[in-house]
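A.B. asks: Using the sequences and the accompanying hints, generate a full structural model.
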Amino acid sequence: MDALINRYRSTLLLVIVIAAQFVLLAYEVKNEGHVRVIRVWAVTAVTPIANVAETVRGTVAGFFSNYVSLRDVRNENRRMRTEMGALKLENQFLQTELATAERAKALSAFEIRNPSKMIAARMIGAAGGVSNNVVFLDRGTSAGVQKGMAVVTPDGIVGQVVGSFPTASQALLVTDPGFAAGVISQRNKVRGVAKGIGGGRCKVDFVQNEEKVDVGEVFYTSGDDRVFPKGLPVGRVTVVKPGANSKEIYLDPSGLQSGPEEVLIILQGVHQPIPEEEVAASQVYLGTPAPDSAASTPQPAASLLTDADRLRQKYRDIGAAQNHKFGEGAIPNFNLKPGVNPAPQPKPAAPKPKPPVVEPVAPTEAEPPPPANN
Amino acid sequence: MDYSSERLFDHRDTRIFRFRAWVMFAVPLLAILCQVYLRLFFDFFKYLDLPLLVTIYLAMMRRSPSGGLLVGAVMGLAQDSLMTNPLGMYGICKTLVGYFAASIGLKIDAEQPLIRIFVTYMFFLFHQFLYWVLQRALLAQTVLFEMRRQLLMALLNAIIGVILFQLLDKLRDRT
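If you're matching them up, the sequences are chains A and B in order.
At the far end of the first sequence sits residue 404, using my numbering, and the numbering has no gaps.
At the far end of the second sequence sits residue 179, using my numbering, and the numbering has no gaps.
These aren't lab readings, by the way, just hints derived from the structure by calculation.
Computed from a predicted structure; not experimentally measured.
Among the hints, a few may not be true.
Said to hold, decoys possible - What follows is a set of in silico ranges between Cβ atoms, one per label pair, in the way DEER data are often shown:
1. B/Asp47 to A/Glu278: 21 to 29 Å
2. B/Lys111 to A/Thr85: 43 to 51 Å
3. A/Leu34 to B/Phe48: 44 to 52 Å
4. A/Asn275 to B/Val137: 19 to 27 Å
Stated by the list, open to error - Just a few of them, taken from the derived set where beta-carbon distance is under 7 Å, the chain A residues facing chain B:
5. Val45
6. Val47
7. Gln51
8. Leu54
9. Val59
10. Ile68
11. Ala80
12. Ala83
13. Arg109
14. Val192
15. Leu202
Cβ atoms here follow ideal geometry from the backbone N, Cα and C, with glycine treated the same way.
C.D. replies: Structure, rendered in structure tokens:
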């Protein structure tokens with residue numbers, strides 16, 4: 031038995047290790063959660079080192095950049111080198127500050143314009159292998175970031191927080207195969223689910239072949255997933271073709287176009303309307319407006335289409351003939367025929383204006399007298 | 005150099021290369037760190053799988069299937085834990101790669117650059133295919149396996165792998 035075990039020791043170990051990992055995998059999939067201890071260890075071990083590396087990189091890169099930029103000047107003149115060095119240092123510093131300020135300003139403007147409550151974060155690492163799109167952000171549970179929160183930029187959605195740790199959080203990018211979000215198209219208001227497919231692209235599922243989606247149309251978040259507030263841009267349609275069961279729609283995600291370094295995490299989302307599509311300005315000839323005299327020419331009365339319209343017009347005429355304003359004062363005489371029995375005109379010379387009195391009107395042939403009660 | 009089959013397979017190079025303890029700890033950690041950190045600044049790194057290259061190298065050079073599969077399992081699980089995948093996806097793939105790389109390392113001369121290119125190329129494709137199968141079979145994810153892209157990435161990883169292996173050769177102890 032021992033000899034057998036010794037002989038197949040490595041194979042046995044392989045089977046055990048693979049089986050253990052299958053069990054671990056099944057446990058995670060079944061519980062829809064993570065074995066948090068292992069992940070916390072790994073993230074806590076890696077992110078501080080990444081933070082330190084980022085700081086060192088910034089310092090070293092700045093030092094070498096300045097050194098290289100000063101080298102040529104040093105050969106020309108010592109005094110000039112010192113002066114130029116100082117200027118270049120200052121210039122570079124200001125340029126960096128300006129670029130940072132511009133990015134921060136854009137984020138800030140978006141943050142102010144958008145009613146959602148957000149927090150700015152910086153990408154400090156990208157996790158995983160070639161098939162996954164996960165990044166680390168430098169804000170964690172200590173900053174109020176929780177699993178499930180949306181990550182956006184002014185250009186569009188970037189991803190979703192899928193893990194939150196004390197010092198950092200993990201965000202799944204929109205292009206990851208595990209990502210999904212409810213979307214609605216801007217022009218045709220077609221609803222679907224945007225999913226990542228890797229390779230920097232997304233596709234929109236569950237759109238019927240009968241529905242109309244155009245290339246170039248922009249999809250926005252629909253808010254149905256309760257992660258992304260409604261009205262955030264998702265991406266522009268690059269390919270549309272009919273599929274076996276539903277349309278195949280591929281998107282170019284707009285939030286990842288400029289390689290975001292700073293992002294916003296939505297702590298409390300507020301839904302917004304889908305913006306109307308900008309119609310391209312087309313040149314249409316408009317003639318000169320008609321002269322004023324033309325405007326004074328009497329227009330034919332609008333034709334009264336229904337009985338209700340005719341009745342309303344009749345009451346208006348009755349009211350106008352008796353100088354009566356509906357809703358105020360006494361009840362007008364509805365038996366009056368405006369064209370037949372003109373209303374009494376108030377005397378202009380009267381010392382005290384009297385309220386208009388409606389005189390009783392004798393019945394006409396149109397309205398026979400009431401029958402006598404015999 | 006003579007790359008004939010006689011040289012490659014009949015006269016096996018049976019040397020086992022050992023590494024100091026700090027190398028066995030630092031190199032995998034560095035590979036994971038590079039995978040996490042350098043991708044931010046160099047887009048090129050997203051096409052590389054440094055943990056896989058390190059797994060292949062350590063497994064082939066140590067020539068111990070048990071050691072190879074353990075290195076692969078640790079590297080894979082570490083990579084999994086830094087992603088959103090369920091733990092074990094990369095773990096299983098890299099465990100198998102480590103085991104087979106060590107087994108093949110017993111039969112070939114793993115110091116020849118051309119062999120290293122070929123082995124790394126094939127193992128990268130094997131790893132990616134296995135990962136794709138696991139994604140579809142276990143996680144029910146509809147992910148495309150773009151053959152042309154994978155072939156190009158395998159070639160890139162193989163070339164970078166050979167350069168990396170030459171650097172790592174300087175860290176080993178010959179016994």
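A.B. asks: All hints are to be evaluated individually against the structure, with a verdict given for each.
C.D. replies: Okay, the hints, checked on the actual structure:
no. : hint                             : in the structure
1   : B/Asp47 to A/Glu278: 21 to 29 Å  : holds, 28 Å
2   : B/Lys111 to A/Thr85: 43 to 51 Å  : holds, 47 Å
3   : A/Leu34 to B/Phe48: 44 to 52 Å   : holds, 49 Å
4   : A/Asn275 to B/Val137: 19 to 27 Å : holds, 24 Å
5   : Val45                            : violated, 10 Å
6   : Val47                            : holds, 5 Å
7   : Gln51                            : holds, 4 Å
8   : Leu54                            : holds, 5 Å
9   : Val59                            : holds, 5 Å
10  : Ile68                            : holds, 5 Å
11  : Ala80                            : holds, 5 Å
12  : Ala83                            : holds, 6 Å
13  : Arg109                           : violated, 36 Å
14  : Val192                           : holds, 5 Å
15  : Leu202                           : holds, 5 Å
Of the numbered hints stated above, those contradicted by the structure are hints 5, 13, listed in ascending order.
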